[in-house]
Structure formats: structure tokens, C-alpha cells
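Model the full assembly from the supplied sequences, consistent with the hints where possible.
Here are the chains, one letter per residue:
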Amino acid sequence: MLEQQLINGLMLGASYAMVAIGYTLIFGVLRLLHFAHGEVFMLGAFFGLQIVIYMTGVEVVAAAIMAIESFLDVKGILLFFAIFGAMIGTGIIGALVVFVAVRPVDNKFPLAPLISTIGVTILIQNVTIMVFGGTLRSFPASIEPVRYQIGDLTIDSVQIFILVTAFALMGSMWYLIEKTRIGRAIRATSESHETAALLGVNVNFIVLFVFILASCLAGVAGVLDGVKNSNVSPFMGLEVAVKALVCMLLGGLGNIVGALVAGFLLGTVEILSSAYLGSGLRDFLTFSILITILLFKPTGLFGTRVVRD
Amino acid sequence: MLDAYQESLLIFFGINLIAAFSFYLPFKTGQVSLGQAGFMGVGAYAAGIITTKLGLYFPLGLATSAVVSAIVGLMVGFPALRIKGIYLLLLTLGFGQIVQVVALTWDYTGAHNGFQGIPKQDNLLLYIYGVLVVIVLFFFRLERSSLGRAMVAIHGDEDAAEVMGIDIVRIKLFAFSIGAAFAGMAGCMFAHMTTYVDSLTFGILLAVNILMFVVVGGGTTFLGPIVGTIGLYFLPEMLRTLREWMELIPIEWTENSEFLTSAYDWLYDFFDFENEKRWIAYAIIIILMMIWRPQGLMSRDLVKRWGRRLTGSRA
Amino acid sequence: MSAAAPILQLDGITKKFGGFTALSDVHFTVEEKVIHAVIGPNGAGKTTLFNVISGMFGAEAGSLLFKGENIDRAKPHKRANMGIARTFQNIRLFEDLSVLENVQVSQHGRHFPSIWSAVRHAIFHAPFSRGAQEIEMEDYAMELLEFLGIAHARDTNAADLAFGERRLVEIARALAANPAIMLLDEPAAGMNPSETENLDEILTRLRDEKGITILLVEHDMNLVMGLSDYVTVLNFGEKIAEGAPEAVQSDPDVIAAYLGTDEEI
Numbered sequence: 001m002l003e004q005q006l007i008n009g010l011m012l013g014a015s016y017a018m019v020a021i022g023y024t025l026i027f028g029v030l031r032l033l034h035f036a037h038g039e040v041f042m043l044g045a046f047f048g049l050q051i052v053i054y055m056t057g058v059e060v061v062a063a064a065i066m067a068i069e070s071f072l073d074v075k076g077i078l079l080f081f082a083i084f085g086a087m088i089g090t091g092i093i094g095a096l097v098v099f100v101a102v103r104p105v106d107n108k109f110p111l112a113p114l115i116s117t118i119g120v121t122i123l124i125q126n127v128t129i130m131v132f133g134g135t136l137r138s139f140p141a142s143i144e145p146v147r148y149q150i151g152d153l154t155i156d157s158v159q160i161f162i163l164v165t166a167f168a169l170m171g172s173m174w175y176l177i178e179k180t181r182i183g184r185a186i187r188a189t190s191e192s193h194e195t196a197a198l199l200g201v202n203v204n205f206i207v208l209f210v211f212i213l214a215s216c217l218a219g220v221a222g223v224l225d226g227v228k229n230s231n232v233s234p235f236m237g238l239e240v241a242v243k244a245l246v247c248m249l250l251g252g253l254g255n256i257v258g259a260l261v262a263g264f265l266l267g268t269v270e271i272l273s274s275a276y277l278g279s280g281l282r283d284f285l286t287f288s289i290l291i292t293i294l295l296f297k298p299t300g301l302f303g304t305r306v307v308r309d
Numbered sequence: 310m311l312d313a314y315q316e317s318l319l320i321f322f323g324i325n326l327i328a329a330f331s332f333y334l335p336f337k338t339g340q341v342s343l344g345q346a347g348f349m350g351v352g353a354y355a356a357g358i359i360t361t362k363l364g365l366y367f368p369l370g371l372a373t374s375a376v377v378s379a380i381v382g383l384m385v386g387f388p389a390l391r392i393k394g395i396y397l398l399l400l401t402l403g404f405g406q407i408v409q410v411v412a413l414t415w416d417y418t419g420a421h422n423g424f425q426g427i428p429k430q431d432n433l434l435l436y437i438y439g440v441l442v443v444i445v446l447f448f449f450r451l452e453r454s455s456l457g458r459a460m461v462a463i464h465g466d467e468d469a470a471e472v473m474g475i476d477i478v479r480i481k482l483f484a485f486s487i488g489a490a491f492a493g494m495a496g497c498m499f500a501h502m503t504t505y506v507d508s509l510t511f512g513i514l515l516a517v518n519i520l521m522f523v524v525v526g527g528g529t530t531f532l533g534p535i536v537g538t539i540g541l542y543f544l545p546e547m548l549r550t551l552r553e554w555m556e557l558i559p560i561e562w563t564e565n566s567e568f569l570t571s572a573y574d575w576l577y578d579f580f581d582f583e584n585e586k587r588w589i590a591y592a593i594i595i596i597l598m599m600i601w602r603p604q605g606l607m608s609r610d611l612v613k614r615w616g617r618r619l620t621g622s623r624a
Numbered sequence: 625m626s627a628a629a630p631i632l633q634l635d636g637i638t639k640k641f642g643g644f645t646a647l648s649d650v651h652f653t654v655e656e657k658v659i660h661a662v663i664g665p666n667g668a669g670k671t672t673l674f675n676v677i678s679g680m681f682g683a684e685a686g687s688l689l690f691k692g693e694n695i696d697r698a699k700p701h702k703r704a705n706m707g708i709a710r711t712f713q714n715i716r717l718f719e720d721l722s723v724l725e726n727v728q729v730s731q732h733g734r735h736f737p738s739i740w741s742a743v744r745h746a747i748f749h750a751p752f753s754r755g756a757q758e759i760e761m762e763d764y765a766m767e768l769l770e771f772l773g774i775a776h777a778r779d780t781n782a783a784d785l786a787f788g789e790r791r792l793v794e795i796a797r798a799l800a801a802n803p804a805i806m807l808l809d810e811p812a813a814g815m816n817p818s819e820t821e822n823l824d825e826i827l828t829r830l831r832d833e834k835g836i837t838i839l840l841v842e843h844d845m846n847l848v849m850g851l852s853d854y855v856t857v858l859n860f861g862e863k864i865a866e867g868a869p870e871a872v873q874s875d876p877d878v879i880a881a882y883l884g885t886d887e888e889i
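Residue numbers (this note's numbering), protein chains in the order written: chain P, 1 to 309; chain L, 310 to 624; chain A, 625 to 889.
Once the Cα atoms are required to be at most 16 angstroms apart in a straight line, the calculated EDC-like pairs of lysine to aspartate or glutamate come out as:
1. L:Lys613 to A:Asp779
2. P:Lys108 to A:Asp720
3. A:Lys691 to A:Glu656
4. A:Lys702 to L:Asp468
A few chain L residues facing chain A, derived, Cβ under 10 angstroms:
5. Ala459
6. Asp466
7. Ala469
8. Met473
9. Leu482
10. Arg609
If you are wondering where the hints come from, they were derived from the structure by calculation, not from laboratory data.
Bear in mind that the values here come from a model prediction, so they are computed numbers and not experimental data.
Beta carbons: idealized from backbone N, C-alpha and C, even for Gly.
Next up, the structure:
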């Protein structure tokens, strides 16, 4: 059923888009492929999971949550805590990545920061395995999904929640980049570090800020993905990372709106192609798109900006 | 003689080193490829078809893996000429993913069940180190030749090199496709060691590892891949043996002091480098290495300085 | 002026970048064994002209004849090996190579016209000796470095050289390709007066002793007027004057072009 698949595509696309926006922001200010970005996504899911487990496990907290929920007559307050906590957690991780693996590495050698973020990838993944174990862990169902029927279409409250959160976050991200002073500073830094510094922008701070911002976004995407699939694993980062890279390229390197649109586009294409062509051909299609774009339109689908490597 | 564990360690080290060289050759002309694992896959499947499906001899399989990978290398290398930097990285990454998809869906070679029943080759150690000797001699000569200089020039400034009369198209294609051939041979050896490969064997993590061998070792001299592969391949294995080294400490040194005894015990527990802990240590060492020597352990300048010291002033 | 075919002939070269016309219908010829200067205010299209002649940019219209032969479709490295060498205004040496190696790079194409000859040479001569060809290349490169007075820096990395010496290495590197014509893009920029004087002497000797034609873009008018046999003036991508240095200097269009942009002639 086409409409149902489109909903699924949108859900998958939300994950891709949120990770891809982070990639493209970081690439914009540093010309760096932040290899560990997928692992930040994975960490976000684990942070969210831990918060949910903790809050449902400790009686006092669980009771308080229940009280608040019945008082406000809403469900799923827990998820907000999970998202908020994951944001803070991954934000801190993003800052740590800057201090440990980006700032101290001389970017005169373009591959060195790439390798150090690969080091971070291995580090995060194995610390996660050490702490949480290497197996799939399931996300406790925190809200009872309510199903809504719109014509032939079934959509549940969890799906709505995920989409609304994703859109709200990406909307505020767009506002931040396009309408605020710090957004202007980020855009200036993306053009040229020297010019931005001349204009009085603290480039080091902007890089740090962008890493934190991108990591928060990836962290939330991780929680939403965990809720959607109701499980998380230490190995869930890589595939999203690779697909988000494709989205970043499709959208045009450094183009935030482009990455967003490309994320939803790729998510939809993947869901539709695995539904109608089989899952084997799904990845083939994805990477053929990647290669075609690279060869014929390296500025991305929208071609608004060209970033030289 | 070597026991089975040591032999397999040496075999996989050799395969990794060939793979590192396969990345290093195109990298000499400035082409950064995340597709070397893909070329290993191409080589493994091509050789597997020759030896397993057609029942022919291993050397023929090895030759086929090199030739087929070189041809595929040309096919990827040609469009790759036009793009650079992160675009090339993404292109080769995409290529690697497509190889995986083909391996996953091609029924003839087992599709998602993997390519099974590849014969285990005797004397693989000899084949691997034979190939390695040839490759090392090749690089040793290349880096003292005009072609080697031309490659460094292309890496430094492609447009300037072209205007100085260097045929950058041919040289870059040569480097890319011969690099792919090296990777193909590494894949062939791998398949005939493990007797089983599937779509996950030659994934992005392997490609990233190959890249790391070269960058950590240094990408401007052929000693770089050697040092890098030795370091990064044996490092995790060596971390495992830290406990055994600790046991060499004489008992008298610690037995009289309660503090030293407990410190020893704590360290002994800490050095339980199995699995995750080993990789965590490995990751930390890689990050520190990039902070300390972003150009890699070995560099062309270093080698030149050593060479001058070795031969008095200059040859 | 010799009666033989001109070494370089530009016929209506036009080059556009988007809506901007960098060169518009430029015609001129360069005779053999002369120093021919191309001058003009900033943005007149001089460097673009060099990029078109050396093949880095293709032109939208017009054709280029080298020794009477059309080279419009020749790739940059082919043009270099035919005898067109150049230097860059913003020095572009191979920073990771030594001075000697920089010079040797531009000998490569001449010694090894095909990739196979280069590979064969790399692999098959005795593994520990350098081979006759390498020795010949090195000797010739050293000869050039001595000619330019920078032989002492042979093993220095290009990145570690003083600025004036970097300009000279660029010239040595262009010379190593055995060119019939050299395109020098502001070779005196950033040089002190004594270095400029040295350059003046070197260029004169290149023309007189080695018989090399020099096409020169330069802002130092004393150098240009003292050195050149012939001058072409560009302004906004168009040729506005040409002739002997004295004639061009007194041309009213030229004076207007320079005064209009507040530059001293």
C-alpha cells in the first residue's frame, strides 16, 4: 500500500535527515568527514534507553512521572525526558570529540582528522559494548501507541510523535542557522575561516558549537530510531552514517536544507524500492544514485553551493 | 617452526600489508580510496570462481584476481579522474558498497549464504610473501625513479604537474588500477585462507582499516604502509600479551610491600586485554598518534635524511 | 624579426567565465627568439591568456598555432612536451620535492613519453644503480640550476626556500622541459632590485645563448621596457596596442588605460 509505505519512508528519512544535517554542518565549518557521527547517533539511542529504564525502574521517579501524566492528562512524558537527556549526553560527547580528536590534530594533513575521528568511532563503539554488552537491547514500550485511521491509512501516536519531533527540531535548526547571529557566524565560518575571523567570529567556538549542535541532533535521531524500531544495538550507527553521507552529498555539501530534503527523499526511495524491488536492490539503488550524482552533478541535487575540498 | 596460530597471524599480516600497498599506490598520486576492500572482494570472488567453480589451479586464480581487479579498477578509476577529495572518498565508498550488494545477490556465488567451499591453499605463506617481495621491490625502484617523482608532483599540485608535461591521466589510471590489482590479490589470498567469504567480509570497516594502516604509518614512503601495518596489526595482539610480560617481574620486588602487591594485582586485572578493552586501547593509540604525528610515523623527508646519513653526505 | 613562421600565433582567442569575458577576440603573433611582453592593468586577462596558451583553460573561440601547427585540442602535457613551458604568478612548486627533483619533474615527459616506458624504466634497470637516463637527467638539471645560480640549494625542499629563489626554481623547472617558448607570469614580483637585475640578465641570456622565446607578463615597467623586443597591451580582455616598447609607451590608448586605473606606467 503506497501511502503506508510513504509514511514509513518519511520515518526512515527523518533519521537520515537529522544525521545528514549534522554531517553537512560539520563538513561546512571544517571540511571534515566526521566519521564518528553515526556512533553519536547510536549513543543517543543508548542514552535514551538508559533514561527510560532508570525512570521506569526507580519507584519514586516512576510514580512522579505517573502523577504528572495524569495531572496533565497526557502520555509519554518519559520520552521527552529521554530525548532531552540524550541531547545533553550527546552534546557533551560532541564537545569531547572536538577537544580530544579535532582540535589537537593538525588539519594541514587532511587525512589526520579523518583518522582520529575513526579512532573515536572505534572507541565509542567498544566502550558501548563494554558497558551495555554487544547484543540487541529492546526499548521498553513507554507509550501505548494509539492508532488513528485516516481513510486506508493507519498511523499511530508514536509515529506522529517521531515525525513532529523531527520536524520541530529541524525547523528550529533552520531558524538558528538562517535567522540568528550565531547562525550567521556559522555560515561565515563555512565560507572561510580567515574571513570569519576578520569579521570578529570566534572560529574555534563556532566549530565547537557546530559539533555540539550536530551531535545533539544525531542523539535525538538515535532516540527516535530506537523508539521506532523498539531496539538498539552498538552496531546501529554505521549504516545510518553511510546513508546520511549519501544524503549529505545529494543535498550538496554544506547545504542544510538540501541535506534535509535529501534525507526524506532517500528514506522514501529506500522504503519504496525495498517494498517493490526487494531489499537486495535497495542498497544497489542507493549507491548507484550516489555514484551518478558524484559523476554528473557533484554540487548535489539543488546545486546551490559548491564547496571545494 | 611456526605453530598454526603464528602462521595464521603471519598470513593475515601479509594480506593486510598487500592491501595497505594497494591503497598506497593510488594515494601516491593523491587519490584516496575507500574502495580497496571492494577490490579485495572482486579479487576474492574472481579467484574463487576459478578455483572452486572451475576447479583450476590456485596460481591461475591469483592471476585472474589481479587482472579482473585491475580492469574493474580502470572502470572505477576513469570516472574517478575528474573528482577529488571527499567526492573521491564517497565515490570509492559507493563502489565498495555496490560490490557488497552484488556479492549479496549473485546466486552463482551463493548470494546471502556466502561463497562456500573455497579450497584452502597450501603454502599460502610462500605465495603471500613472494608477492610482497615483488611489491616491495617495485616500490623501492619506483620511489627512486622519474615516475615516482612525477607521482609526488601530481599529489602536490595536479595542474602544475600537467603543465610541466606529466601525463596525469595515464599515471593516475595506472596507479589506481595496479593498486586495485594488488587489492584483488590480497582478496584472493584471503579467500583461500578462510575458505569462506561473503558480502560482509569486505565491508567499509576493512576499507577504513586499510586506510589507517597507510596514514598512521605515513603515506609518503613505502616504509609507511609497512610500519603502519606492523604497528596496527600486531598492536592488538601485543596488548594481549601485556600480562605475560608483567609476570616477568620478580616476585621479591612486590611481595614485601602491601602497596606494590595490590598495585600489581590492580594492573594485572587492568591488563585483561580481551575484546573491547583491546580495541579501546587501540583507538586511543590511533588518536594519540594522529595528534603526535599527523603526517604518519614514516615520511619521505625522514627516509632521505637517513639515506644521507647512511651514505656519508650523498650518493 | 625573422622571416620564418612565428612561434606562436593567437587567432581571435575568446574566453568567458560565466557572463564575464576575460579575453575578447585577441589576435597577436610571437616571433621566434624574442622577448615579448604582455602588459596591462590588473584584470586585463594576462594570466587567463597564459592559462589558455598552456592549455589549462579551453577557449570558447579562436585558435592557437604553435610553429604553424594548430594546438587547440592538445592537452596541457602535450603542449608542454611540444615546447611550451610556463611559470606561475603565485609560485606553484612541488613543496614535497627538493629543488633538484622539482626541476627533474618537468624532464619526465620528454624522457618517458608513454606510461610504459616510465614503468619499464622504473622497474627494470639495475635495482641499486640509477641508470644512464637518471644520470643524464640529473646532470642536465644541475646545469640549469648552476645557470640560474641556485645549485647550492639542490637538496633543499622547495617549501624551505627564500622567496626570490623560489621564483628562480620555477624558471629552472620550466627550462628543464627544453621549451621553445617560455611563458613567464610576473617573474619579478616580490623580488628586490638586485634580484630583478639578476633576472634581467638571466632572461637576456636565455634569449641570446639558448635561443628561447620568452612571453613575459610583468608589472615592473622598468624591467619590461628595458628587456622586451616587442610589447602587446591588453585592457579588459582586449588588445589595445602593440609594437616596440618606445612606441607603446607613448600610445595614448595605453596611457589612458593605465591612468584610468590609477596605475603608474
